[in-house]
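Asks: Going down the list, the sequences are from chains A and B. The opening residue of the first sequence carries number 37 in our numbering; numbering runs sequentially from there. The opening residue of the second sequence carries number 1251 in our numbering; numbering runs sequentially from there.
Please note: incorrect hints may appear among the correct ones.
Said to hold, decoys possible - Partial chain B-side listing against chain A, Cβ under 7 Å, derived:
#, residue
1, Y1289
2, G1293
3, L1296
4, L1298
5, T1301
6, T1305
Unchecked claim - Simulated restraints on C-beta separations:
#, chain 1, residue 1, chain 2, residue 2, range
7, B, P1329, A, L47, 22 to 30 Å
8, A, G98, B, I1310, 21 to 29 Å
9, A, D136, B, L1306, 19 to 27 Å
Because the hints were derived from the structure by calculation, they are not lab data. Ideal placement from N, C-alpha and C gives every residue a C-beta, glycine not left out.
Listed below, chain by chain, are the residues.
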Amino acid sequence: KAGVTQTPRYLIKTRGQQVTLSCSPISGHRSVSWYQQTPGQGLQFLFEYFSETQRNKGNFPGRFSGRQFSNSRSEMNVSTLELGDSALYLCASSSGTFTDTQYFGPGTRLTVL
Amino acid sequence: AQSVTQLGSHVSVSEGALVLLRCNYSSSVPPYLFWYVQYPNQGLQLLLKYTSAATLVKGINGFEAEFKKSETSFHLTKPSAHMRDAAEYFCAVRSLSGANNLFFGTGTRLTVIP
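All chains should be built: construct the whole structure from the sequences, respecting the hints.
Replies: Rendered as C-alpha cells:
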C-alpha cells in the first residue's frame, strides 16, 4: 500500500496570508490527524477527522481549521498567518480504532516571513 | 491526563555500544505507549508500540522496549548502535478520552560516534 502523502512539501508565505495543506491517507484508513512540530513546542496535536467529522481538537486558535472529504483525504487551513505558525505540519492516518497505529506522512514545512 | 517525559534531549553513544533512551509516563490507567523515530526532513516512523499485551515489546531495526508499571517507564533499548540509528526519537502515549490522538515527549536526539 502507498503511504501517507502530503502536499506541498514546502511552502513559504508572508504574515497575514492563508494557507491550505493537503493529506492523503493510506487506502482504507478513515482517520486523519494533524500535528504541528516546532523546535520550541515540540509535537502538538491539532485535530482529528474521522468519516468527514472532526472527532477531536487540540488547543489551537480558530485560525486553524480542517476538513475531510468522502475519500478520507483531508485539508488543513491556517488563516491570517503569524510568524509563529512556521512549523512542520504532520498528518497521520489510521483506521480510527483505539489500538490502531498512526502512520505519519513526510510533513509540510511551512515558513512564514 | 496522560503525558510522557523523555530524560535527556541529547544522547551520544559509540557505534556498537548499547542504546538506552528513557521515557516515563503519567497515566491514571494502563496506557498505550509508542516509540517513533524521525530522520532529518522526514515524518515519524513507528518503532514499536505497547498495548497491554507482552511487557517486552520488540520493534523494527533491532529496537525493543520494556513496560514497567512499578517504575512508570517505557525505555527504548538496542544492544548495538549503528550509524544509521542517528535520528530523533519520540515517546508517545495515546489519549484515553476516546479520541485518536497522541501526546508526545520532547524527543531525544541520538548521535552515534564512529
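Asks: Next step is simple, just say for each hint if it's right about the structure.
Replies: Okay, the hints, checked on the actual structure:
1. Y1289: violated, 10 Å
2. G1293: holds, 4 Å
3. L1296: Holds, because the Cβ-Cβ distance from B:L1296 to chain A comes to roughly 6 Å (cut-off 7 Å).
4. L1298: violated, 10 Å
5. T1301: holds, 5 Å
6. T1305: Violated. Min distance 16 Å.
7. B:P1329 - A:L47: 22 to 30 Å: About 41 Å separates the Cβ atoms of B:P1329 and A:L47, which means 22 to 30 Å is violated.
8. A:G98 - B:I1310: 21 to 29 Å: For A:G98 and B:I1310 the Cβ distance comes to about 39 Å; the hint is violated.
9. A:D136 - B:L1306: 19 to 27 Å: For B:L1306 against A:D136, whose Cβ atoms are near 21 Å apart, the range 19 to 27 Å holds.
Taken one by one, the earlier hints fail for this structure at numbers 1, 4, 6, 7, 8, listed in ascending order.
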